[in-house]
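Colleague: Using the sequences and the accompanying hints, generate a full structural model.
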Amino acid sequence: MEYDENGVSIVSNDFKKEIFEEAKKDFRYEEYVRGCLNCGVCTGGCPPHRFFDFSPRMVLQNCKSNDPALVWGMMDEYVWACFQCFTCAMICPFLNNPGGVIAILREISVRRGFESAKKVLKPYSRVLLKLTAYGNQLSPDMIQPDFFPDWGPHIGYASEDLPLKRKAIPMPTLQVTNLAWDVAPEAMKELYTIFEEAGVFKIIEVVDPSLYEIIQDIVDDVRSE
Amino acid sequence: MAIEIRNRLGLADVKSDFRHIAGRKIENIHNELLELEAKGELKVIHITDEHKPIEAETLFGWKKKIPTTKLWHHKSCGQCGNIPGYPVSLLWFMNKFGTEYVDERNQTSCTAWNYHGSATSNPVGLAAVAVRNWHRSYELGLFPLIHCATSFGDYKEMRNLLVENKELRDEVRRIMHKIGRELVIPEEIVHYSEWVHVMRFEIAKLRKYDLSNIITTVHPACHCYKMIPEDCIYDKDIYAGKRTAVSTGVALALGAQVADYSTWYDCCGFGFRHILTEREASRSFVMDRKIRPMVREANSDVCITQDTGCTTTLDKNQWIGKAMGYTEQVPVMADVMFAALVCGADVYKIVQLQWHTTDWRPLCEKIGIDWKKSEEEYNAYLEKLRAGEKPENLYEYA
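Top to bottom, those sequences are chains A and B.
Last residue of the first sequence: 225 in the numbering used here, with the numbers rising by one and none dropped.
Last residue of the second sequence: 398 in the numbering used here, with the numbers rising by one and none dropped.
Note that these hints are calculated values from the structure, not bench results.
Among the clues, some could well be false.
Listed next, the in silico DSSO-like pairs over lysine-lysine satisfying Cα-Cα at most 30 Å (straight line) [as the list claims (entries may be wrong)]:
| id | chain 1 | residue 1 | chain 2 | residue 2 |
| --- | --- | --- | --- | --- |
| 1 | B | 70 | A | 167 |
| 2 | B | 373 | B | 208 |
| 3 | A | 167 | B | 39 |
| 4 | B | 384 | A | 167 |
| 5 | A | 25 | B | 166 |
| 6 | A | 25 | B | 178 |
| 7 | A | 189 | B | 70 |
| 8 | B | 208 | A | 167 |
| 9 | A | 189 | B | 166 |
| 10 | B | 43 | A | 189 |
| 11 | B | 366 | B | 205 |
| 12 | A | 189 | B | 96 |
| 13 | B | 39 | B | 52 |
| 14 | A | 202 | B | 178 |
| 15 | A | 167 | B | 96 |
| 16 | A | 17 | B | 166 |
| 17 | A | 64 | B | 166 |
| 18 | A | 25 | B | 39 |
| 19 | B | 373 | A | 167 |
| 20 | B | 43 | B | 178 |
| 21 | A | 24 | B | 166 |
| 22 | A | 202 | B | 166 |
| 23 | B | 178 | A | 167 |
| 24 | B | 349 | A | 167 |
Sample of chain A residues lacking proximity to chain B, with all beta carbon distances greater than 12 Å (derived) [to be verified]:
| id | residue |
| --- | --- |
| 25 | 15 |
| 26 | 40 |
| 27 | 65 |
| 28 | 210 |
| 29 | 216 |
| 30 | 225 |
Note that beta-carbon positions come from the ideal geometry of N, C-alpha and C, so glycine has one too.
Modeller: Now the structure itself:
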């Protein structure tokens, strides 16, 4: 993949048009993109705007421009700056939803397996694995000092004698260390069927084939129990 | 049916079925939901007298029924994995009130991390997971109480999408049939903080400590009040009805001071993906936009939250700030944890503050709570468990 001076991948105009059309066909798009006054109140209130080159006003304006090149220009790193807090949606006087547009564009990026999406999602393999294969994503044994040194020395508390401390939590469903709660196998099996039927497994296969294989092994094991 | 809407500025009273904003009418989705039920398109999990509901008012003056008993706890990944005192405090109150509830393993996450964090899902997948979990509470004859704000926001959105889109309903119904379930939608999507809010005066009756010298600052969760904002509780007596009332309401009912600060509306900096892999953004946001204003402007003793990600982000990212000269620190805990703490719940066994990173001991001492005694008892309890004793649980689980 080649990139231009702005770090945006270089593709044909037809491909840019195809991607924009895919976004517009999403049944949420019309609900999210309405008239835009260009007032900028969304960007003024946008949390990541304070730290990133990211503006929900530009997201809306690029969509309203009907120029596929401008929308394509957001598909690589730009869309991943959004915090998904939906401050923009709440304060927009025209009820636009730039955060929702971002979700649509990210989904296309992941579904299509764009390199930028693969790069952004690589560090989430463990979260994706937990959530997709076991039904919840933040397990107590993930809170390790090596992973979170910037959370301070006390973070070590969570990794010492963890099984005993979890046993002391007075909710039986929480007395495990490798999952946030001990998900029942029947719930996991139903989740797998949902993911198969909704195409979620396919999305993960496109964006991370190695992870997909690991997940499928776990799925097979749980189903055979 | 005409619903009276009180103008929040007190300028006028109007009667309307809906609000017009920029030419779009914001309809109360519940009317459409009931119409679909009448047509046999779906089933509704109704809030009945059995649930002993208490009514609250939402953004546009619509009424929202909050069930107070016969509840199915829908868990939060981050609370269960990282902030265990969060759900424990909630269940501790429910035991005090004799609330009927089920906390069980037969549920999955809302999977909305795959929506907002990684985009590795889609509306069909998210809506199907939502309906699957709703249906589990339905078959038990209980009403789902959503613990996580991300789940709450996602489920409100999925309910709306399901009501508004026949194609989505058909697809989700097809998937539900494959797993032996039906298309059901709760009459209301209810967050635990809304239960706390409507129960706040009952909760306040259990108060053990005087909080008149405690200054709280509230951080509201974006996915509670910014996603589907018309479905969020407001109260004319709290911030004059101009900001969401939950969490602030219980702090006031308990007699604490609630101080304003200039960045109240800002998010916490969680960002879903940023908290894990762009942490400099999250921690800068925490210190610059939340903690420093709370301390400098409000002299806050405690930051009160209403969600999982916010509690984690605001608590965990204060220590590293010292490296950049940020000396401001304030303990962080959810509304229900703060309430439990001041109603006499054990600091270690119930509120479980020992998992928190930012020092909460000065707050306990200011309130008058003997945390050292609690620590000693907890350590002795751990030794008993180590020796093979059975844990003391809030409920029996088969």
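Colleague: The structure should be examined with respect to each hint, and the outcome stated for every one.
Modeller: Here is what the structure says about each hint:
At most 30 Å may separate the alpha-carbon atoms for a hinted pair to count; residue 70 of chain B and residue 167 of chain A meet this at roughly 27 Å. With a CA separation close to 17 Å, the supplied pair residue 373 of chain B and residue 208 of chain B stays within the 30 Å bound. For the given pair, residue 167 of chain A sits about 48 Å from residue 39 of chain B by alpha-carbon distance, which is inconsistent with the 30 Å threshold. For the proposed pair residue 384 of chain B and residue 167 of chain A, the alpha carbon gap of about 11 Å is at most 30 Å, so the pair holds.
Restraint check for residue 25 of chain A and residue 166 of chain B: the C-alpha separation of about 16 Å stays at or below 30 Å, so the hint holds. Distance restraint check for residue 25 of chain A and residue 178 of chain B: the Cα-Cα separation of roughly 27 Å lies within the 30 Å cut-off, and the hinted pair is therefore satisfied. For the given pair, residue 189 of chain A sits about 27 Å from residue 70 of chain B by alpha-carbon distance, which is consistent with the 30 Å threshold. Between the alpha carbons of residue 208 of chain B and residue 167 of chain A the distance comes to roughly 28 Å, so the proposed pair stays at or under 30 Å and holds.
A hinted pair counts as satisfied when its Cα atoms are at most 30 Å apart, and residue 189 of chain A with residue 166 of chain B qualifies at roughly 26 Å. Between residue 43 of chain B and residue 189 of chain A, the direct Cα distance comes to roughly 24 Å. Compliance with the 30 Å bound is thereby established for this hinted pair. This hinted pair checks out: residue 366 of chain B and residue 205 of chain B have alpha carbons roughly 21 Å apart, not beyond 30 Å. Proposed proximity of residue 189 of chain A and residue 96 of chain B is contradicted: the alpha carbons are some 36 Å apart, above 30 Å.
For a cut-off of 30 Å, the pair hint linking residue 39 of chain B to residue 52 of chain B stands: about 28 Å separates their Cα positions. Only pairs whose Cα atoms come within 30 Å are accepted, and residue 202 of chain A paired with residue 178 of chain B is accepted, the gap being roughly 18 Å. Under the criterion of a C-alpha separation no larger than 30 Å, the hint pairing residue 167 of chain A with residue 96 of chain B is consistent with the structure, at around 22 Å. For the hint linking residue 17 of chain A to residue 166 of chain B, the alpha-carbon distance of about 28 Å falls within 30 Å, and the restraint holds.
A C-alpha spacing of about 27 Å is found between residue 64 of chain A and residue 166 of chain B, which places the hinted pair at or below 30 Å, so the restraint holds. At most 30 Å may separate the alpha-carbon atoms for a hinted pair to count; residue 25 of chain A and residue 39 of chain B meet this at roughly 28 Å. Distance check on the hinted pair: residue 373 of chain B and residue 167 of chain A sit about 21 Å apart at the alpha-carbon level, within 30 Å; holds. Restraint check for residue 43 of chain B and residue 178 of chain B: the C-alpha separation of about 17 Å stays at or below 30 Å, so the hint holds.
Taking the CA atoms of residue 24 of chain A and residue 166 of chain B, the gap is about 19 Å. The hint holds against a cut of 30 Å. Note on residue 202 of chain A and residue 166 of chain B: the hinted pairing holds, with a Cα-Cα distance of about 24 Å set against a maximum of 30 Å. With a C-alpha separation of about 36 Å, the suggested pair residue 178 of chain B and residue 167 of chain A falls outside the 30 Å cut-off, and the hint is violated. Of the pairs offered as hints, the one joining residue 349 of chain B and residue 167 of chain A holds, with about 11 Å between alpha carbons and a cut-off of 30 Å not exceeded.
No Cβ of chain B approaches the Cβ of residue 15 of chain A within 12 Å, the least distance being about 19 Å, so the stated non-interface status holds. No beta-carbon of chain B is positioned within 12 Å of the beta-carbon of residue 40 of chain A; the least distance is around 16 Å. Even its closest Cβ contact with chain B, about 20 Å, leaves residue 65 of chain A beyond 12 Å, as expected for a residue assigned away from the interface. Interface exclusion of residue 210 of chain A from chain B stands, the closest Cβ pair being 15 Å apart, more than 12 Å.
For residue 216 of chain A, the condition that its CB be more than 12 Å from all CB atoms of chain B holds, with the nearest at approximately 15 Å. At roughly 15 Å, the least C-beta separation between residue 225 of chain A and chain B is larger than 12 Å, which holds for a residue marked as non-interface.
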